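Quick note, the sequences are listed as chains A and B, same order.
Residue numbers for the first sequence follow the numbering used here, beginning at 288 and rising by one.
Residue numbers for the second sequence follow the numbering used here, beginning at 370 and rising by one.
A few of these clues could be false.
Stated by the list, open to error - Not close to chain A: a few residues of chain B, all C-beta gaps over 10 Å, as computed:
| # | residue |
| --- | --- |
| 1 | Ser420 |
| 2 | Tyr532 |
| 3 | Ala534 |
| 4 | Thr554 |
Claimed, not checked - One side of the interface only, derived from the structure: several residues of chain A facing chain B at Cβ under 7 Å:
| # | residue |
| --- | --- |
| 5 | Ala300 |
| 6 | Ile303 |
| 7 | Tyr307 |
| 8 | Asp318 |
| 9 | Val319 |
| 10 | Ala320 |
| 11 | Leu321 |
| 12 | Leu339 |
| 13 | Val343 |
| 14 | Ser372 |
| 15 | Leu374 |
| 16 | Leu383 |
| 17 | Ser386 |
| 18 | Asn422 |
| 19 | Tyr423 |
Honestly, the hints are just simulated from the structure, not real lab data.
Remember, predicted model here, so these are calculated numbers, not experimental data.
Glycine is no exception: its CB is placed at the ideal position from the N, C-alpha and C atoms.
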Amino acid sequence: MMLRLRQWATTVAVAIVVTYVGTVAVTEVRDVALWRADLASLSLVALVCGALLALVSDRAVRSLIFASSLAALIFAGVWTFIWWSFLGGYFSLWELIGSNLFVLQAVPRSGVIFLTSVFMGLLGIVVVTILVPYNYRSQ
Amino acid sequence: MGNDVTGKGSEERESIQYAQAGGSADEPEHRARRVVYGLAATALLLMALVSLFALVTDVSNYVAAIESARGLRLEIASLEVIDDDNPRAVIRFRVQNDSPLEVELERYFFDLYLNKELIGTSYSMYSGTDPNVSRAARQQAQSIKQFLGPRQYLMLEFTVYIYSAQMDIVRRVQRSGSMSWHVMTNFTAYLPHAHEADFLRLQAWYEE
Numbered sequence: 288m289m290l291r292l293r294q295w296a297t298t299v300a301v302a303i304v305v306t307y308v309g310t311v312a313v314t315e316v317r318d319v320a321l322w323r324a325d326l327a328s329l330s331l332v333a334l335v336c337g338a339l340l341a342l343v344s345d346r347a348v349r350s351l352i353f354a355s356s357l358a359a360l361i362f363a364g365v366w367t368f369i370w371w372s373f374l375g376g377y378f379s380l381w382e383l384i385g386s387n388l389f390v391l392q393a394v395p396r397s398g399v400i401f402l403t404s405v406f407m408g409l410l411g412i413v414v415v416t417i418l419v420p421y422n423y424r425s426q
Numbered sequence: 370m371g372n373d374v375t376g377k378g379s380e381e382r383e384s385i386q387y388a389q390a391g392g393s394a395d396e397p398e399h400r401a402r403r404v405v406y407g408l409a410a411t412a413l414l415l416m417a418l419v420s421l422f423a424l425v426t427d428v429s430n431y432v433a434a435i436e437s438a439r440g441l442r443l444e445i446a447s448l449e450v451i452d453d454d455n456p457r458a459v460i461r462f463r464v465q466n467d468s469p470l471e472v473e474l475e476r477y478f479f480d481l482y483l484n485k486e487l488i489g490t491s492y493s494m495y496s497g498t499d500p501n502v503s504r505a506a507r508q509q510a511q512s513i514k515q516f517l518g519p520r521q522y523l524m525l526e527f528t529v530y531i532y533s534a535q536m537d538i539v540r541r542v543q544r545s546g547s548m549s550w551h552v553m554t555n556f557t558a559y560l561p562h563a564h565e566a567d568f569l570r571l572q573a574w575y576e577e
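Produce the entire structure from the sequences given, and follow the hints as far as they go.
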C-alpha cells in the first residue's frame, strides 16, 4: 500500500513539474511568469524528472507516460480555467471545449508537452539505467 | 510494487527480499540505495511543490494582466480640425483604467479615420504648427511613460498633420454635414506582472 502510494506521489509530482514548465514554455504565460522557460528548459526538466523516476520507481517508464498524460490534461484544464474566467459569461463550458480556441491552441500545445516530456524523460531513464548500478535503484 | 500480504511495511519487506537475495539489510549497498531513493524522492517532492506554487502564481498573474488590458478604455474628449496653411487635427484623448491594477503606458500611436477613410497617422505628440520639426523630437514626444492606477484616467493631446489630398476629403465631408471620426490606437504598455511591453489596440469614435 505504502509503495503504491509512493508510486502515485512521484507520478503526480512529475506531472506537476512538467505542467508548470510546459505551461510557461509553450504559452503566453511566459510573459508574466516568475521564471521564464522555453522548450529547452522543458526538455531539461523532463530529462531530470525521468532520471529521478528511474531512481525512485521500479516501473519508471509506465509512471513517466502516465505523468506526461496527466501533465497534458492539467495543462488543458488550466487553459480551460483561464478562458472560462473571461468567456464564461458568453459560452458554456462544452462550447468552450469544442471551440477553435481550445482545439487549435490547447490541444496541439498539450501534444508538444506530452511528446517532449515522454521523449526526454525516457532519455533520462535510459541514462540512469546505464550509469547507476541496479543495486542503487529502486527495485 | 505488489500486495502486502504479510502485513509488514514495504521497507521491512524490501529488507527481507534483499536479505533473501543473499545480502544483509545493513550492508552499505542497501543503505546507499535508501539514501539515493530518499534524495531523489525529496528532490521530486520539492520540485513539485515549487512548481505548484509557481503555476498558481503565474496563472493568476496572467489572468490579472488580461483583466487590466480589458479594463483600459479610450475616449475622444475633443477633436478640432484647423484648416490653415498647415492643415491639422488636434485630438484630446481620455484613457481610463477600469481595472483594479496599475498599468504602465509607455508610448502610443494611432490612425485617424473620417467616415472610414484614413485621414492621418500620428507619429508625434508634438503640438506645435511646424511640420519640419526634427523626427527625434517627435519620437521623444511620443513617449508618455505614465503609470495609470486603478480607476485613474489620463488626458493626452495629439496633433495630426493632414496632407492636402486628405484635407480635400475632410472639406468634402464637412460640407455634407455628417462627420464620424474613428481613431485606432496602439499603446505600448507594461501590464501588471509582465516583463515585456505589450501592444494594446484601443479604438474610439467621435460624432460631429
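Right, here's what the structure says about each hint:
no. : hint   : result
1   : Ser420 : violated (4 Å)
2   : Tyr532 : holds (38 Å)
3   : Ala534 : holds (41 Å)
4   : Thr554 : holds (21 Å)
5   : Ala300 : holds (4 Å)
6   : Ile303 : holds (5 Å)
7   : Tyr307 : holds (4 Å)
8   : Asp318 : holds (5 Å)
9   : Val319 : holds (4 Å)
10  : Ala320 : holds (5 Å)
11  : Leu321 : holds (5 Å)
12  : Leu339 : holds (5 Å)
13  : Val343 : holds (5 Å)
14  : Ser372 : holds (6 Å)
15  : Leu374 : violated (11 Å)
16  : Leu383 : violated (15 Å)
17  : Ser386 : violated (17 Å)
18  : Asn422 : holds (5 Å)
19  : Tyr423 : holds (5 Å)
Checked against the numbered hints given earlier, this structure breaks hints 1, 15, 16 and 17; the rest are met.
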